[in-house]
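Here the protein sequences line up with chains A and B, keeping their order. Under UniProt numbering, the first residue of the first sequence is numbered 1, with each subsequent residue one higher. Under UniProt numbering, the first residue of the second sequence is numbered 1, with each subsequent residue one higher.
The reader is advised that the hints may include incorrect statements.
Looking from chain B toward chain A, a few residues come up when the C-beta cut is under 8 Å (computed) [what the hints assert, rightly or not]: (1) H227; (2) L233; (3) A234.
Beta-carbon label-pair distances, calculated as ranges [claimed, not checked]: (4) D187/A with R359/B: 20 to 26 Å; (5) E28/A with F412/B: 31 to 37 Å; (6) D190/A with E220/B: 38 to 44 Å; (7) S149/A with H416/B: 38 to 44 Å; (8) P370/B with A22/A: 19 to 25 Å; (9) N290/B with I215/A: 44 to 50 Å; (10) S137/A with R359/B: 45 to 51 Å; (11) K201/A with D250/B: 48 to 54 Å; (12) S21/A with K185/B: 49 to 55 Å; (13) D187/A with P370/B: 22 to 28 Å; (14) E28/A with P370/B: 57 to 63 Å; (15) S21/A with F412/B: 30 to 36 Å; (16) F412/B with D190/A: 55 to 61 Å.
List time: in silico BS3-like cross-link candidates among lysine-lysine, alpha-carbon distance up to 30 Å [to be verified]: (17) K73/B with K52/B; (18) K200/A with K221/A; (19) K39/A with K2/A; (20) K160/B with K3/B; (21) K200/A with K239/B; (22) K221/A with K2/A; (23) K87/A with K239/B; (24) K201/A with K153/A; (25) K133/A with K200/A; (26) K2/A with K67/A; (27) K213/A with K2/A; (28) K279/B with K87/A; (29) K87/A with K219/B; (30) K67/A with K153/A; (31) K73/B with K213/A; (32) K219/B with K81/A; (33) K81/A with K239/B; (34) K81/A with K153/A; (35) K52/B with K81/A; (36) K239/B with K165/A; (37) K133/A with K2/A; (38) K221/A with K160/B; (39) K239/B with K153/A; (40) K279/B with K81/A.
FYI, nobody ran anything at the bench for these hints, they're computed from the structure. In this text, a Cβ means the ideal position worked out from N, Cα and C, and glycines have one as well.
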Amino acid sequence: MKILIIEDEPELAADIGAYLSAQDYLCEYAVSWAQAREKVELYRYECILLDLMLPGGDGLDILAILKEQGQQDGVIIISAKNDYENKIRGLHAGADDYLAKPFHLPELAARIYSVIRRRSFANQNNVLQNELKVDLSSRVVTVNGAVVSLTRKELDLLLYFISNKNRVIGKTALAEHLSGDIADMFDNHDFVYAHVKNLKKKLTEAGYGNYLKTIYATGYKWEG
Amino acid sequence: MKKLLDQSLRPLVIYAMAVLIVSIPVYFLTINWIWENELDKHHYAIREKLEKRLTSLDLPDSSVASMINVLDKVQPGFSFTQTTAPSPDSSYTLIRFDTFMNDREQFRCLTTDIRVNGTLLRVLIETNMEEIDETILAIAAVTIFFFIVLLAGFVYINRKTSLRVWRPFYETLNSLHAFRLEGGKPAALPASQVTEFTDLNQGLDRLMQASLASYKQQKEFTENASHELQTPLAVVKSKLDLLLQSRSLDQPQMQILEDAYQAINRVTRINKNLLLLAKIEHAQFDNQQNISVAGLLGELSAQFADRFESSSIRYTQQVSEMTLQANPMLLEILLTNLLVNALRYTPAGGSVSVRADQRKLIFQNTGISPLNEQNLFRRFAQASVEHAGSGLGLAIAREICERYNWQITYDFDCGHHHFTVSF
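Sequences are here, hints too, so could you generate the full structure?
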């Protein structure tokens with residue numbers, strides 16, 4: 001799956017690329033407005049990561065070009081502008097999601113995953129991993145055909161882990177994912193344990209292959 | 001405080017009064033001197049005439065004696081005595097009871113000798129003059145009258161001319177009173193034809209422009225600095241996320257990584273709050289709506305439910321229907337910050353409660369000792385060293401309250417911290 005990273009900070013673009021490449025995404029880069037325009041006009045991507053402040057122009061204009069041409073590429077805005085107005089403006093312009101910098105890479109990966117799933121709804125409706133199946137439209141999780149009843153947050157966590165398969169996810173990234181904006185007001189993220197513990201317990205009871213591993217001091221990893 | 005116009009009037013009045021007071025004895029002495037001088041000249045003239053006329057009559061001694069006798073009896077102000085030895089002339093002033101005027105009178109006198117046909121006569125010439133005390137009184141009365149006339153004139157002229165002359169100054173003063181740094185515009189100063197006022201206004205205008213510029217710069221600096229920090233922060237965060245993927249990390253390294261996450265998390269939080277403060281100060285967040293406080297608190301506390309649970313903190317909310325006219329974002333930030341603050345400083349097993357009391361919202365949480373109230377709402381002035389917040393949460397809360405003219409206060413009572421917002 002092809003991802004276009006439109007970002008003028010080379011370090012950040014490279015890091016995003018490095019993280020996503022390990023997730024079986026194929027990443028391309030654009031570092032300026034002109035380059036971004038050329039790429040979106042010539043090629044199609046499953047998802048485009050769009051920075052708003054670009055050398056040579058406004059990222060929203062790239063979005064406008066895409067919409068004008070009726071392209072179906074998923075677009076996630078990644079911007080240092082963290083205010084409400086900009087978010088609303090970006091989403092109104094047709095972006096699928098808006099992620100404010102600084103963000104955690106697993107969060108980005110989860111958003112990309114979600115955007116791509118939503119876009120290719122018809123054939124990718126289910127997430128499968130051996131005995132585990134997640135039906136995204138009905139939000140039902142089954143292990144060996146038996147339904148596991150998960151809370152909204154637990155399902156959220158499960159999808160987050162699956163979209164960051166084989167990657168170590170830090171506790172702060174998880175806390176931010178679970179509680180959004182208020183997460184960064186706290187240093188203590190103990191409540192994450194409780195949710196992960198419950199999720200693990202439910203899945204283990206249903207007999208899944210113990211894909212969720214705890215990593216010393218830092219976080220978790222979903223293996224598959 | 002004294003007024004400028006009175007200031008300029010006062011020394012004038014004092015000076016005028018001093019001059020007039022000094023003028024009273026000066027007038028008196030001058031008048032007195034003129035009087036006496038004139039009278040003395042007059043007396044000598046009389047003496048000369050008397051001597052000349054008596055001598056020129058060329059009368060025998062007996063006739064002279066009888067004439068003198070008649071003069072002594074009849075002519076007022078004259079008295080003659082025969083003398084043998086000449087004595088020096090003397091002029092003096094005398095106050096005595098006058099039987100004819102039937103009053104106390106002042107006289108100027110001259111005693112002198114005249115020689116008629118070889119007879120030496122001592123003559124006393126007296127002239128009635130105004131009494132000294134009456135003269136002083138009259139002069140003083142006139143002086144006081146003129147002083148009052150002068151004073152009234154001063155006040156009137158001062159009012160008239162000074163008000164006109166200083167009007168641009170007062171207008172400038174009024175404009176300055178209305179000037180607010182937050183307004184972002186310099187005060188409009190009135191144009192003046194007077195060089196000094198034009199100078200003053202130009203100087204003030206420059207000063208205001210400079211203050212406005214540095215105020216704006218200071219606000220922009222915070223905002224720009226925070227903005228500029230976002231990208232490197234994003235890079236550090238993503239580097240840490242990548243580093244975490246490394247398979248060769250041992251446990252101590254992972255611990256270091258976790259500590260680094262904590263630190264970057266804190267920097268991110270501070271930066272975000274600085275940006276927020278700058279925006280609130282910029283008077284963004286203009287739109288206002290009617291918001292149900294109970295509804296908003298319900299939503300927020302639901303977000304915190306996880307954390308209350310994991311720290312074994314009991315949360316209760318007693319807020320009946322209360323609506324506020326405010327920007328929804330700002331009200332949310334205010335309530336969030338107060339909730340976060342309560343949550344952060346409550347020990348495990350404690351309780352947090354929010355209750356409404358008329359137009360007041362009281363956040364109460366378990367605590368051990370009172371916080372330093374002075375520092376509580378200041379930026380980066382942690383009230384307690386035990387917990388590391390952003391140091392800005394309560395500063396933001398106060399900034400929002402100030403914007404809507406709400407009161408936020410803190411008190412500690414019976415092992416509970418109370419933060420009260422009065423709307």
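Kindly indicate which numbered hints from before are broken by the structure, ordering the numbers from low to high.
4, 5, 8, 11, 15, 16, 30, 31, 35, 38
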